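Could you slot chain H onto chain C? The hints should help.
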Amino acid sequence: MPDKPFYRCQESKAGNIQNLRDILMKNFFTLISGRTKAHADGLHKGPGSQDYINATSFVEIGQEDMNRLGIKKGQLVLIRSDSGKVEAPVQPANLPAGLIFIPMGPTANKLVGTETFGTGMPSFKGQSVKVEKL
Amino acid sequence: MSTTMENVICKFCGCLCDDIIVEVEDNRILKTKRACSNGRGMFLDYDPSFQKPLIDGKQVEWDEAVSVCADILNKADSPLIYGLSSTSTEAQRKAVELADLLGAVIDSTSSVCHFPTVLAFQRTGEVTCTLGEVKNRADLLIFWGCNPMVSHIRHFTRYSAKAKGTLTPGGRKDRTIVVVDVRETPSSKTADMFLQIDSGTDYEVLTTLRALVQEKELEPGAGHIVSEELKELARMMKTCNYGVVFFGMGLTMTSGRSYNVSELFTLAAELNRFNRFSVMPMRGHGNVAGADNVLTWLSGYPSAVSFARGFPQIGPGEFTSVDMLARHEADAALIIASDPMAHFPHGAVEHLRHIPFILMAPMTNCSTKTAKVFLPTACCGIDVPGTAYRMDNVPLRLRAVLASEKPTDEEILSRIIKEVIK
Numbered sequence: 001m002p003d004k005p006f007y008r009c010q011e012s013k014a015g016n017i018q019n020l021r022d023i024l025m026k027n028f029f030t031l032i033s034g035r036t037k038a039h040a041d042g043l044h045k046g047p048g049s050q051d052y053i054n055a056t057s058f059v060e061i062g063q064e065d066m067n068r069l070g071i072k073k074g075q076l077v078l079i080r081s082d083s084g085k086v087e088a089p090v091q092p093a094n095l096p097a098g099l100i101f102i103p104m105g106p107t108a109n110k111l112v113g114t115e116t117f118g119t120g121m122p123s124f125k126g127q128s129v130k131v132e133k134l
Numbered sequence: 001m002s003t004t005m006e007n008v009i010c011k012f013c014g015c016l017c018d019d020i021i022v023e024v025e026d027n028r029i030l031k032t033k034r035a036c037s038n039g040r041g042m043f044l045d046y047d048p049s050f051q052k053p054l055i056d057g058k059q060v061e062w063d064e065a066v067s068v069c070a071d072i073l074n075k076a077d078s079p080l081i082y083g084l085s086s087t088s089t090e091a092q093r094k095a096v097e098l099a100d101l102l103g104a105v106i107d108s109t110s111s112v113c114h115f116p117t118v119l120a121f122q123r124t125g126e127v128t129c130t131l132g133e134v135k136n137r138a139d140l141l142i143f144w145g146c147n148p149m150v151s152h153i154r155h156f157t158r159y160s161a162k163a164k165g166t167l168t169p170g171g172r173k174d175r176t177i178v179v180v181d182v183r184e185t186p187s188s189k190t191a192d193m194f195l196q197i198d199s200g201t202d203y204e205v206l207t208t209l210r211a212l213v214q215e216k217e218l219e220p221g222a223g224h225i226v227s228e229e230l231k232e233l234a235r236m237m238k239t240c241n242y243g244v245v246f247f248g249m250g251l252t253m254t255s256g257r258s259y260n261v262s263e264l265f266t267l268a269a270e271l272n273r274f275n276r277f278s279v280m281p282m283r284g285h286g287n288v289a290g291a292d293n294v295l296t297w298l299s300g301y302p303s304a305v306s307f308a309r310g311f312p313q314i315g316p317g318e319f320t321s322v323d324m325l326a327r328h329e330a331d332a333a334l335i336i337a338s339d340p341m342a343h344f345p346h347g348a349v350e351h352l353r354h355i356p357f358i359l360m361a362p363m364t365n366c367s368t369k370t371a372k373v374f375l376p377t378a379c380c381g382i383d384v385p386g387t388a389y390r391m392d393n394v395p396l397r398l399r400a401v402l403a404s405e406k407p408t409d410e411e412i413l414s415r416i417i418k419e420v421i422k
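Line by line, the protein sequences give chains C and H. Residue 58 in my numbering sits at position 58 of the first sequence; the count goes up by one each step and never skips. Residue 123 in my numbering sits at position 123 of the second sequence; the count goes up by one each step and never skips.
Just so you know, these hints were derived from the structure itself, not from any lab. A hint or two may mislead.
To be verified - Using 20 Å as the maximum straight-line C-alpha spacing, the simulated PhoX-like pairs for lysine-lysine come out as follows: (1) C:Lys133 x C:Lys110; (2) H:Lys162 x H:Lys135; (3) C:Lys72 x C:Lys26; (4) C:Lys37 x H:Lys58; (5) C:Lys72 x C:Lys130; (6) C:Lys45 x H:Lys162; (7) C:Lys37 x H:Lys372; (8) C:Lys110 x H:Lys369; (9) H:Lys369 x C:Lys45.
Predicted model, so just to flag it, every value in this text is computed and none were measured.
Okay, chain C solo, but in the shape it has when bound:
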């Protein structure tokens, strides 16, 4: 069994696990990708359009993690996974510690691996990545 609580209600975000993560996994995050309204708007304008590129080419990081890594809004970070790496500007977001979000599209897909665990579905939500300040 994992030695961390797997369920966390909104009120109990802090705890020993976070301290452990600070020490052992400072730069490691779980990447989730997903739809945004701007992504859909960009898609209608055309996947080559500036709207689409702008809508899919940034990373959202929680304020707590931004402070911990010393990153400011708009700053470029390098994100690596086993499958690839990208550079992307940071947008602050209301995300729990250890989680980052990139809108679905070519930027996120460079980081998502092709392992599907026999289901056909890659880890579009749940890809392990490392974030480094540039």
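Chain H in isolation, oriented as in the chain C frame:
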């Protein structure tokens, strides 16, 4: 002079809203009413101009393009047919016929959205309902790992949270809304209860909920943590009159995948001991549910179907598109109404760059430049009519709002089939 068409169906997402008003002038869509921003973009940004097919970026006549497509597919040892979710069921039938003829693998975009849900259907069964039942009866709505305020914008107003129905005349006042997600979203902000769980822990939370519903003793550290919020949710699930869980990629794309969905289906089935409870996947593309239906009618399986041995076989992880491309097993591809270059992981896209592939789509997309052949066909639901399945598997007839000269997907697939047989 402009003409106005009422009750047009928008096929952008699985809601298939059928009350859209479209104003057309000089064969261009000028204005829409009632459509959400996603649907509005689909109608207003559509380019209806007739284009010729492209081979290696050069314009050719349709006859030549069809002949080259047949040649590519005939020469391939392991062709892949992928996409289907934004075209009509009539075209989907033709695509299955072509796959059978070629001994190809055929896979829809379900592969990278709700294919784990399909696997869970097969394993557990599904307690389901229509969106009409949700609108008229449901007093508890749970949205798990989905964000309708962004991806299915009119879902709340037409079918669920805010819809006024026979037994829910007060609309939002008569319903309790719960959102379960790993992050705060526009949808979670509208909920009566927001359960924020750790990423990748859906299975454990669902198992805990099942135990709570059955009033089982739970030991700390045995794979569940009992919180007051979960106890309250279990109580709400048991005491509501009619509950429905809508779920999205938050369950199918995270660790556990189909097992998360199976656990949810089992929970819903067990709740029927107390009241009426259903589950429904939030299907993304307008006719992705149709692709599952058509493939199932014709082959017995909903996606990832191989005809290579002369009879249909399903192979999750084997005949699914990302796996086939990542393992370099496909040596040609026909992409229908989809954009894998924008939506597949980099490792799968790289192989697609190195094999001849045909793209059949109404407008250019990220895959157009890489395609060996681009076939600019008519857009179903704008240029031509066709059938599409709503997310609750109700088939609806899409209308044409423009007068188009473009050939349909169905016509071009029929022509390719004739050429392949030659």
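Tested hints:
no. : hint                : result
1   : C:Lys133 x C:Lys110 : 19 Å, holds
2   : H:Lys162 x H:Lys135 : 9 Å, holds
3   : C:Lys72 x C:Lys26   : 17 Å, holds
4   : C:Lys37 x H:Lys58   : 34 Å, violated
5   : C:Lys72 x C:Lys130  : 17 Å, holds
6   : C:Lys45 x H:Lys162  : 30 Å, violated
7   : C:Lys37 x H:Lys372  : 32 Å, violated
8   : C:Lys110 x H:Lys369 : 19 Å, holds
9   : H:Lys369 x C:Lys45  : 17 Å, holds
Checked against the numbered hints given earlier, this structure breaks hints 4, 6 and 7; the rest are met.
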